[in-house]
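Quick note: the sequence shown uses this note's numbering, first residue 1, plus one each step.
None of these hints come from the bench; they were simulated from the model.
Cross-link-like lysine-lysine pairs, in silico, PhoX-like; alpha carbons within 20 angstroms at most:
| id | residue 1 | residue 2 |
| --- | --- | --- |
| 1 | Lys502 | Lys527 |
| 2 | Lys527 | Lys503 |
| 3 | Lys157 | Lys196 |
| 4 | Lys296 | Lys313 |
| 5 | Lys196 | Lys152 |
| 6 | Lys448 | Lys492 |
| 7 | Lys383 | Lys313 |
| 8 | Lys492 | Lys447 |
| 9 | Lys506 | Lys527 |
| 10 | Lys291 | Lys527 |
Listed next, with one range per pair, are the computed distances between beta-carbon atoms:
| id | residue 1 | residue 2 | range |
| --- | --- | --- | --- |
| 11 | Glu344 | Lys502 | 41 to 51 angstroms |
| 12 | Glu175 | Val623 | 51 to 61 angstroms |
| 13 | Arg335 | Tyr121 | 54 to 64 angstroms |
| 14 | Gln273 | Ser248 | 27 to 37 angstroms |
| 15 | Pro83 | Asp181 | 24 to 34 angstroms |
| 16 | Glu314 | Asp181 | 36 to 46 angstroms |
| 17 | Asp387 | Arg335 | 15 to 25 angstroms |
| 18 | Lys296 | Glu501 | 28 to 38 angstroms |
Each residue gets a CB set at the ideal place from its N, CA and C atoms; glycine is no exception.
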Amino acid sequence: MIGVPVVCVLVLAFMCHSHSLEMQNPIYRFKRSQENVLSDTSNCMSRIKQQRVLTKTDNFSVDIRMPGVVPTGSDTYLCMAFPVPTNRDTYIVDFIPHASMETVHHMLLFGCQTPVSTRSYWDCGSVQGTCEDEASIMYAWARNAPPTKLPKDVGFKVGRNSGMSYFVLQIHYGEISAFRDHHRDCSGITLRMTSKPQPFIAGIYLLMSVDTVILPGKRDFHLERVLAWPQSSLQLGQVSGLALDTNSNLVIFHRGDHHWGEDSFNSQARYQQRSLGPIQQSTILVVDPAKGNILKASGRNMFYLPHGITIDKENNYWVTDVALHQVLKVSSDGRDRTLLALGEAFTPGSDITHFCQPTDVAVDTGTGNIFVSDGYCNARILKFSPDGKYLSQWGAGSSDRRRRIPFQIPHSLVFLPERQEVCVADRENGRIQCFITETGEFVKEIKKEEFGGKVFAITFSPAGGGLIFAVNGASAYRSVPLSGFVINYSTKEILDTFSPEKKEFKMPHDIVATRDGSVFVGDAGSKSVFKFTTEKSHRSVKKAGIEVQELEEMEMIIQTKERPEHNLTKMGAIQEMQKVVQQPRPQEEAEKENHKSAKKANREQGILPAIITTLLLIPLLVVISMGVFICWRNNNRCEVKTEPSSVGGILGKIRGKAVGSLNLGNFFASHKGYSRQGFDQLSTEDSDQERNDEDSSDSENEEYSAVPPPQSSS
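All chains should be built: construct the whole structure from the sequences, respecting the hints.
Take a look at the structure:
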């Protein structure tokens, strides 16, 4: 008889308690608003016009939404700019996303001074980009990621003195099947802002993953050398080139017992050591990327001074030899067959049938066209058909488009399949330049002080929307460490720098990145290959300090609708990376402010829900007391077990979930389809405008330049 009243009272108390939490929780309110907007996209434009900024004393909200767009095709990137709605310094204290995976692949929010456009929206997946000046990522959402809350007293500074006058929202629409009914999309983000100065200024990246790999940021994750690789000596000469074959094996191109020295070439760039004959050792080694053991060796008695190597989709080797002044297509079947030769052996030149110390080759995986960087004495990129027919050539580009600074040793090439671009490591100019493969039109330039005036080699990974890996070289004019760099292609930001810990780089000459995130660097100076990985640096996302409230809500939001054939076994986790700069303040002042904040929060929680909850809990306590008394009177015929927990603890057990801080890494790793191994691909675009420094440097000590030879008549 007592059990029924007890259960009823518990249920009523639980409902009241849950309702009071929902009313107090801003995430709940915004989530309900989000659901309403997403369920009725027909009137989202009118809602945006009605209410963009909600102001209440020092706190207000900014609603940034797409103005009812319809993407024209898959993988469309659309952007819109929204001015910071105040001239004074303001702080963002929360981000509320409004999107679902059915329509949006991911969203990014940038802050900048001058957006590319102030139209209602524009296509920012092209060269146009997002911001004219340097863009800063403030927020990223993907794959139905749950709402999150910044830690107490943490905010993003925008407005007058921050250098951020505009927000730029970028949305990537993956599949457009959701738009077949021609509805318009108003996905976006609500920013909760305050004019009150925040003790902590934040810069945060919040990434949600499902199945793709993105290499980490520069703080919580770092590429480190794998000391146990290779497990046995490879016995290499000067390592000049690296590549990956179609089986994802590492291919090393080295010079054996030959080396490039002062006497290797004369002033006309003609090779002076032909009497030594070709390299007798196997110059091409196929190596297991996991252990470093040699799987296959070839390239004997073929080359004099190897330089670059690239592998096409048919697993053929495209190599350059600076002594031969040739580009060769070589079979990978071990028979050392030359399938195609471009250029005349040992004859330097500057016409369309001759090269002068060519450095590298890039292969268009779609068309099969090849691009040659030529090279030490010439300053150009040449384009050929798959069968070696000359198509076109071009020189350098410049970011301000008012001048053209010639290449100074275009040393390394990489093809970007998703963008149909080819990028060049312009070594002595210390810059990376990218061009459209079809026309040779200049796209963008990446030039950083950290390069120290030289960029020796580059490679590309599609992870994270596009990452460029680069290595620099020693300079006689600048003292910077020899390092590897991980660069966001779109924002041009250096995400990470890396180098061997116990054995320094001497002349990092080429670089390649594997699909699993490993990076290999070939060093001509130390005659070795280094392997780097992020596995040692994995950390729990607990470091981010981001509090996630209402676990039940998060579980509901995180349920993704995947295609049955889609493979989710690769990667899946949430990574939260945050860098916070604390402004010093006296401890007593901080304690007073915290005390005031706590008192104010208590007053604002609402009296009515507390009264209702108390009134319901009083009968509950009476009933429990009566039950204990009756059991005692009946000579302990029944037993009541109590635990040292509050009513809130009982309610928590009924709900089955605890509310409070959460280790997201542990939570997601315990759910099906998620692991800690990677992060979802997020793509960003940035301006291509960056001024050049008119400085140059001499070539390196080990590889020498020569004056351009006279024009060949052939």
